[in-house]
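Participant: Following the hints, put chain B in place on chain A, whose structure we already have.
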Amino acid sequence: MDLNSLAQGIVSLLAILVLAPLFSGLVNKQKAVFTARIGAPVAQPYYELRRLLRKETINAGTASFISDISPVINLVAVVIAAAMLPIGFTKPLISFEGDIILFAYLLGLARFFQILAAMDIGSSFEGMGAAREATFAVFAEPIFFFTIGSVAFAGDFTSIYDIYHSIRLDNVNYIVFIVVCSISVLILAVTECSRMPVDDPNTHLELTMIHEVMILDNSGVDLFLYQYCSYVKLFIYAILEASLFYPLAVQNYNVAIIIFIVVIMVLATALAAVETVTARFKLKNVPHYLLFATAIGVLNLLIYTFTK
Amino acid sequence: MDMFFYSLAIQLSALVAVVFLRNSRTASAVAHLLLLAGLISGFVPTLSALFFSDAPLLDFSVYGIPDSLFRFDALGLYFLGIVQLVAIPTTIYSYSSVRHYIDKGKSIKQMLVFYPILLVATQLTVASNHSILFLVCWELMSTSAYLGMIFEKEKGDVQTGSFYYLVMNHVVVFILYVFFFLLHHQSNSWLFSDFHVSPDAGGLFILLYVLSLTAFGMKSGFMPFHVWLPRAHPIAPTVFSAFLSGIIIKTGIYGIFRTFQFLNPTPEWLGWFVLAVSMVSAIFGVWYALAQHDIKRLLAYHSVENIGIIGIGIGIGFIGSAYHSPPVQVLGFGGALLHTLNHAVFKSLLFIGSGVIYQNLGTRNIELMGGIARRGRFFAILFLIGSVAISGIPPLNGFISEFIIFNGFFTTARELKNYYPLLMLVSTVGLAFVGGLAVACFTKINSIMFLGSERKEIKHFHISPYDYLSLGILALLCSVIGFYPQPFVRVTNSVLSRSFIPGNASSALLDINWFYIGLTFLAMLAGFILIYMWKRFINGKYGRKISPAWGCGYEGLSPRMQYTASSFADQLNSISKSALGYHKKIKSQSEAFPAKNKFKSHADDFVDSKILLPWFDKFSSFISRIELFNYSDIRYYVAFILIIISIYSLIGFLWI
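Line by line, the protein sequences give chains A and B.
What the first sequence shows, in this note's numbering, is residues 1 to 308, in sequence order.
What the second sequence shows, in this note's numbering, is residues 309 to 964, in sequence order.
Just so you know, not all the hints are guaranteed correct.
Below, computed lysine-lysine pairings styled on DSBU-like, alpha-carbon distance capped at 30 angstroms [unchecked claim]:
id	chain 1	residue 1	chain 2	residue 2
1	B	Lys725	A	Lys91
2	A	Lys282	B	Lys895
3	B	Lys461	B	Lys414
Just so you know, the hints here were simulated from the structure itself, not pulled from any lab data.
Being a predicted model, the structure only gives us computed values, none of them experimental.
Excised from the complex, chain A in its bound form:
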């Protein structure tokens, strides 16, 4: 790896880390506009993070060392995962054959400790959230491999950077392929980042939440780390989505960046629109929704078979 690409990788990682809260701000702002409110400023997530950082940390009396280390492990895992993603045609900081596996399992590491930290309190509220997270995650993993995996097998590449660059638009089937993939990545993002219709981040009832209830007993810098992680995680899925459209840029560096920005914007609007028009599913229906997403993945497989 030469110095230039190293610098590029660092810059794109920093861009991801800095822009992540902005994306959530965008979604929230548009959601407010759709429901005819003025809404908080787009930079609100940054303000909230700054506020959290200055608060005193309060731990539950039952908490053990897990509550202490888990936010840090979460952040590390998510940041390393973010370092594998390309922005435009820049080579990411970490990129090697098979990094798609490491990417998926790093998010697994984050999840593992998030669930443990939730259960650490011993409260049933957190327990419910943790159990839901564990259940839905089991189905989210196959969806990831059905979508990104099928692109990988189609192009014979196993590094996220190469996978996205192997996509060629000269075959009509590929376009269908990409469209279907983007739908399942969207569903994946909704599931993994606890957005509507799987989870409602704005609800005020502990019994119905997933992500928010897991961090119910965290505050101060711990909560800062968790919230920041969830912003980065949402942005990671947004990038996974945006990367599917890079081939439209036909190897032009600047066009790719523009496409990146446009897709991110469109995605934020889409998420906001979905959250405006739908209500949260009943929790027992969520597995059906995820199975539907898996079915889309199988559809992917079929398209893939015809593409070959």
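Facilitator: Coordinates of chain B only, in the frame set by chain A:
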């Protein structure tokens, strides 16, 4: 390699100590010291042979041992290394657990006698080159494990659980006799090194594979044959269940690898068959595990899962062998071999951990545990390391071997084209699904056992330094293989090129960017330390305090109100209710005021309760109906055995 026999002699001399020393404490100390000395003195030459020597075949005729009896080829050495490596911490733990039994006033002779025999027999099994010797050692290994298992024989469930194991072993040995007899008939030799059957043999080739996969698959616990595992593991003393799960089921894997050495190249359908069976074992193994409340039973089901993962690697290797594609073979078999080592390490760690908990709490039911992390913080960390490793999560060793198998999928798709990419994609999704379920399961047991507050008051919690030492060694191994996998991968690769793929030209295993992966893991570690320090700094600046957990304003929270293991796993278990045999029973007596309610959830094993047991019942009722063999006098049975043996010998005699 004469050191090997000296080391065995030292280990066996532990028996002498047991026989001659009256005081059980000194006997145990001396015996364990001798065992340790023997194991270490055996492990060092094994290690050096694995790493440095290219032709570890030695001449034994000097010692009066026919050089054909034992052979230390790369595959045998690899498994020998695993046995010795994992036996060292197990032996350290064994000392502490035996001391615990002595404190309770139990006679520990039985354990001290059969444990050394088990160790020695297992090492001889993987080193033997002669079929008959192999079978004798195999039988010795299985029987001594059985005799150690029934240590607490006054308990009813010990009797039934160990009986399953005993029956399974006899069936295995019977099939193996036929297997080796056929091999002998084919090649006119009893030596492993002379066996070779090519697929041209047609029916015989397939028959041999069917026999081998049935027998060794039974021993290692592939899915339809796994029923003995969840019955035998919980009732055995921890030392034996750790050894059983860590090592003995691996001898089945060893057997399958040996069979592949005799019978290759494999047909393609066999690869698919092994892959499919293993996938079923992996997925349902972990799913059954999720529904268990007994920690050892749960871990036993996890052995089924991990054997499944090893089997997936073997299946990929078989496919590679069918297509004569070295990279596919190297990645498939390599992943399987490395996962064998990894599973031996972290499963022993988890079993020993569960044994320590059992010693202190007197229960194996995880619903009665909780809050152990605050009693023994280091212990919780060590158990956590094992849990993260077994879930296949980076940066520990479980990830490394699963990563190789994933790479095997990708390479198979790339090398073999055709319909392979599609099927490999399905396999990838399957393995990822297993990983997801394992995360659910190990977050469940870690959080219920270690976190929260104590559901049942823990009266005293004591962990001896020996426990820490043994768990520490295993946890260290998990981390070392995770962070610095190169030497282990290199050994695996050299085992493959020395045993299976002569003149192995493929460097697929070494070509994986291990350096980069190690660097990423180190970056994770460094990042963790830095951010943690930063967090401590912020905490110092803005303060940190303890306050009760949020209870919606309700302040009378009690440990009984915590989330339970059943409720944690309920949603996942309900999804595949019928396959799991998962059912819940709620006895509620709602009147005007809520009264005491009862809740029970249980998961029957589908294979066990719907397929095997009814069949066994039918068989036994059939036998009892014909009353042919129903005598009350044991001498009749002895006579039967004699008659059967004479018939066998007659057949053998006439055949030759």
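Participant: All the hints need checking, so say for each whether the structure fits it.
Facilitator: The hints, checked one at a time:
no.: 1; hint: B:Lys725 <-> A:Lys91; result: 28 angstroms, holds
no.: 2; hint: A:Lys282 <-> B:Lys895; result: 26 angstroms, holds
no.: 3; hint: B:Lys461 <-> B:Lys414; result: 12 angstroms, holds
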